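If you read the protein sequences in the order shown, they are chains A and B.
If you count the first sequence from 1, position 252 lands on 292 in our numbering, and the numbers rise without skipping.
If you count the second sequence from 1, position 126 lands on 190 in our numbering, and the numbers rise without skipping.
Rather than coming from a laboratory, the hints here were simulated on the basis of the structure.
If you're wondering where the values come from, they're calculated on a predicted model, not measured in any experiment.
Mixed in with the good hints there might be a few duds.
What the hints assert, rightly or not - Covered by chain A, per the in silico footprint, the following chain B stretches (three or more residues, Cβ under 8 Å):
id, region
1, 247-259
2, 274-285
3, 299-307
Said to hold, decoys possible - With a straight-line Cα cutoff of 20 Å, these simulated EDC-like cross-link-like pairs (lysine to aspartate or glutamate) come out:
id, chain 1, residue 1, chain 2, residue 2
4, A, LYS300, B, GLU274
5, B, LYS256, A, ASP309
6, B, LYS256, A, ASP304
7, B, LYS256, A, GLU474
8, B, LYS256, A, GLU133
9, B, LYS256, A, ASP141
10, A, LYS456, B, GLU274
11, A, LYS456, B, GLU166
12, A, LYS174, B, ASP168
13, A, LYS345, B, GLU96
14, A, LYS174, B, GLU274
15, A, LYS488, B, ASP183
16, A, LYS488, B, GLU374
To be verified - Which stretches of chain B does chain A cover? Using the computed rule of at least three CB atoms under 8 Å from a CB of chain A, they are:
id, region
17, 169-177
18, 387-400
Cβ atoms here follow ideal geometry from the backbone N, Cα and C, with glycine treated the same way.
Read off the chains here:
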Amino acid sequence: MKKKFLGLTLAASMAAASLAGCGGSADTAATAADSEETAAVEAGDGAEETAAAEAASSEEVTLKWSVWDISLTTYYEPLIEAFEAAHPGVTVEMIDLGSSDYQTVLATELTGSGSDFDVVCVKDVPGYTTLVNKGVLEPLDDLIAQDGIDLSMYGGITDQVKVDDKLYELPFRSDFWVLFYNKDIFDAAGVEYPTNDMTFEEYDALARSVANTEPGQEVYGAHYHTWRSAVQLFGILDGKNSIVGGNYDFTKPYYEMVLKEQQDGVCQDYATLKTSSLHYSGAFSQGNVAMMNMGSWFIPTLIEKISAGEYTECTNWGIAKYPHAEGVEPGSTLATITSLAIPTSAPNKDLAWEFVKFVTGEEGAEIIASTGSIPATMNDDIAAMVASVEGFPGDEASREALQTANLYLEMPVHAKSSEIETILNEAHDGIMTESITIDEGIAQMNEKVGALLAE
Amino acid sequence: MAAKNRTVDPDVVQQKLAKLNLQLKELEGQMEKATDPRKRRKLIAKITAVEEKIKQAKTGERMTRQQRRDLIAYSFIAPNFIGFAVFTLGPVIFAFILAFLEWDGNNPIQFVGISNFLDMAGNSRFIASFKNTIVYCIATVPLTLAAAIGLAVILNQKIKGRNFFRTVSFFPYVASLVAVAAVWNMLFSPAKSGPVNMLLYTIFKVPANELPKWAASPDWVMFTIVLFSVWKNMGYYMVIYLAGLQGINAELYEAASLDGAGTLQKFRYITWPQLQPTTFFVTIILTINCFKVYDIVYMLAGGSNGVLSESAIVLVYHIYEEAFRNWNLGYASAVAMVLFLLVLAVTLIQFRGEKKYAN
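With the rest of the complex left out, here is chain A (with noise of 0.2 Å):
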C-alpha cells in the first residue's frame, strides 16, 4: 500500500510541475501582450524614448546576439566594432548555433521562457515564420513608424515576409542567385562566355558545347546543388508561378532540361551528389564545372578562398545574370534574405532595436558590401562596393550581373511552409535519382500539396 501511495504521489507530484511550467509560458505570454502595449505608450512619445535609450547607453550593457559560422562570416566583427564604438558601453556578444541547423537551435532556444537574447539572425523564409508562429518575435512596425525608417530602400523585399500584415524582421542581407562560371573552362573550349541574357535554351545549349563526357577528362557543362532550389525555382522567375501554389506543372520543362543533361553527363548525377554530400563549393573549386547557379553568398567564400590559396582550379571565374525564360526580363533571379529580429524575450530591447536599425540601415549595409557579400539594401553606389572588393572579377559583365530586375524569394511567406517543403524535397529527390518519372513527381506534389491546402 505504502508503496503504491509514493508510486501515485510522484506522479501527481510530477503532473503539478509539468503544469506549472505551462503555466510559467502562459505567464510568459501575458508579458510578452504586457511589453507590446508599453511599446505602443512608447512609440506615441518619441522623445521620450530616444532619452531612454540614451540613458540605458551610458550604462553597461552587453546585447546577445544569436549567429552562424563566426568563423567563416566576415562582416560581423567590423559590425561590432563599428556599432560599440557609437554606442560608449555597450559590448556586442556573440553566441554561434551552428550553420546547418541553425533555426532548429533558435527555435529551440526560444521555446517557453528564460532565453536571454536581444537581437537574433532569421536565416530563411520558413524558419522566420515557423518563429511568427510561436509568436516569440517583437513586431517592429511601430518603431519603424516611430523612427521613420523608408522600407523602399530594401526593394519591396520586406513586404513580401509581411505576416497578417505585420512586419517581425529586417533584411540585412539580401542575397540572389548567379551564374557562377569558370573562364579557362570556356577559353580551353574556345567558346563565349555565358552573357547577361541568355535564355534557357541558349543556356542549356551552352552548357553542352563546353561539356566533355570522355572519362578521365569530364568537363561538366553545368552543376545543379541537390537542393531543390536550384531546379525546381527555374519555374517561379516568370512570376506568374507561387511555389506555395499547389500547382507544380510549371516545373516540367526544367526538370525535362536537367535530366536530359543528367543522362547525356553533361552535369553530375544527382544519386552521386545525395550520396557523397559533395558541396556545392567543392564542386565549382575542382575546375571541372563550367557554370554554377548558386546565390551570392558563394562570392565572398570564392574571393576568400582563393586569396587563400586553397582553391587553385577556379581562380579565373566570373559571373552572370540567371537564365531566363522566353519573354522575362533579364536579372529576374531568386532571392534569399537574411534578417536580424528581437524576441520578445529580450531583455533590452531599446537597445536592440538601435542595433537592428544599425545592421540593416545605410551603415551596415556599406560594412556589409566592403566584405563582398551583398546587403539587402541595394543601390548603384553599394554594388560598386561589392565590385570594387579585392578579389572581385574585373569584366563588366560580371559587375552588371549585380545588378537585378525581379526578386522572388526561394521561399515566400506561408503558415505552411516547411510542410510544404518537406513534399516537395522528396519529389524533386524521386525525380532527380529517376525512381519516378517527371509527371509522377508533378502529380505527387500537385496532389500532397493540394491537399495540405485544403486542410
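Given the coordinates of chain A, work out where chain B should sit on it, guided by the hints.
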C-alpha cells in the same frame, strides 16, 4: 547514544506501551484464527511492526531499526533517482499528457483529446515511417543474429589469428558511425564508377543502366541501411554469443562425439539449444534497438539537407521532424507513445520469456 535517545515523560511511555500491547494481543488473536496463508503473512508483518514500535518506545529511540535501514538505503538511491526523476521520469509523464494536447512550445496549450492519434492515420509520413521501422526490424534482427552466431562459432574454434579476426569483426561496432557511414556511401556510390557497382558491372555483368543506386534510390535505400546495420552491429552480438559458447560444457560435445555426431549435428543438438537463453536476450535487445534506429538512417540517406524521404523515414526521425521542425509537440508525443507501445510489447514478451529461460 545521547543523540538517539529523547528524554520523555515516563507516563506517556507507559500509555503508549499499553496501547501497543493491546494492538499486539488483538493481532495475535487474529493470527490464531487466520488460515489463509496470504493473510497470515500480512498479519506477521503487522505484528513485527508493532513489536518494533514497542521496542522503540521502551528504549526511547527516535527511529526503529527498520526505519533507519530504509533511510540509509534511500539516501544511497537518491542521487541517481533525483536525476532520473527530473530528466527522464518527468519528461516521460509530460509526454504522456502532451499526446492529448496541442502545443508549439510558446502559444497557450489546447486540449484536443485523441485527435493527435487520429491525425496519424492520415499522415503519409507517419505511415511510411511505421512501415519502414517494422521492415527494418524484420530484416535486421534475423540477419544480425545469423551473422553474429556464425562469426561466434567460427571464431570460437582454435584457429590461427583468432584474436585478430575477433578484433576485425568487432571493429565496425566501435568505429565512429559518421566516419564509417561516409566510407560506406563511397563504396556503395550510385555511380557506375563506385567500387561496388564497378564489381557488379565488370564481374557480374550487370548492365550499366540497371546498376542499383543504393542509398539514393527509394527501392534500394532500405536494403542498404539494413546491410550497413548488420555489418556495424554483428561484432557486438558476436561477443555476447562468444560468452555464451564458452559457457557450454565441453563434456556434452565429447559425449556427442562418442555417439558419432557430426559437426552439424553437434550444432543442431548441443550448441543451438544451449545458446537459447543468449539468443533470446540478443533478439530482445536487438529488436528494441531496431525500433530506436535513427542515426544510421540519417547518415546514409539524409543527403546534404538532412531530410529523409518517405522511402527511408523511420519513427524516431518522424518524431524529431514533427517536434522540432514543425513544432507539433503534441502530435510528436502521440507518435512517441506508439513507439513506446511497440517497445513495451517487446519488453513484455521478454518478461515472460525470462521466466522460461532463467537458469
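Hinted pair A:LYS456 and B:GLU166, Cα distance within 20 Å: Since the Cα atoms of A:LYS456 and B:GLU166 sit roughly 16 Å apart, the hinted pair holds (cutoff 20 Å).
A:LYS456 paired with B:GLU274 [C-alpha distance capped at 20 Å]: violated (38 Å)
Hinted pair B:LYS256 and A:GLU133, Cα distance within 20 Å: violated (50 Å)
Coverage claim, chain A over the region 274-285 of chain B, checked by counting residues with Cβ within 8 Å (three needed): It holds, with 7 qualifying residues against the three required.
Per-stretch coverage check for the region 247-259 of chain B, three Cβ contacts closer than 8 Å to chain A: holds (count 7)
Straight-line alpha-carbon gap B:LYS256 to A:ASP141, limit 20 Å: Distance of about 33 Å is beyond 20 Å: violated.
Pair hint outcome, A:LYS174 versus B:GLU274 [Cα-Cα no greater than 20 Å]: Outside the cut-off at roughly 48 Å; violated.
B:LYS256 paired with A:GLU474 [C-alpha distance capped at 20 Å]: Since the Cα atoms of B:LYS256 and A:GLU474 sit roughly 15 Å apart, the hinted pair holds (cutoff 20 Å).
Restraint status (C-alpha distance of A:LYS488 to B:ASP183 at most 20 Å): holds (15 Å)
Pairwise hint evaluation, B:GLU374 against A:LYS488, where the allowed Cα distance is 20 Å at most: With a Cα-Cα distance of about 13 Å, the restraint between A:LYS488 and B:GLU374 holds, given a limit of 20 Å.
Given hint B:ASP168 paired with A:LYS174 - CA-CA distance at most 20 Å: holds (6 Å)
Hinted pair B:LYS256 and A:ASP304, Cα distance within 20 Å: Roughly 14 Å separates the two Cα atoms, so the pair holds.
Hints 3, 8, 9, 10, 13 and 14 from the list above are not met by this structure, while the remaining hints are.
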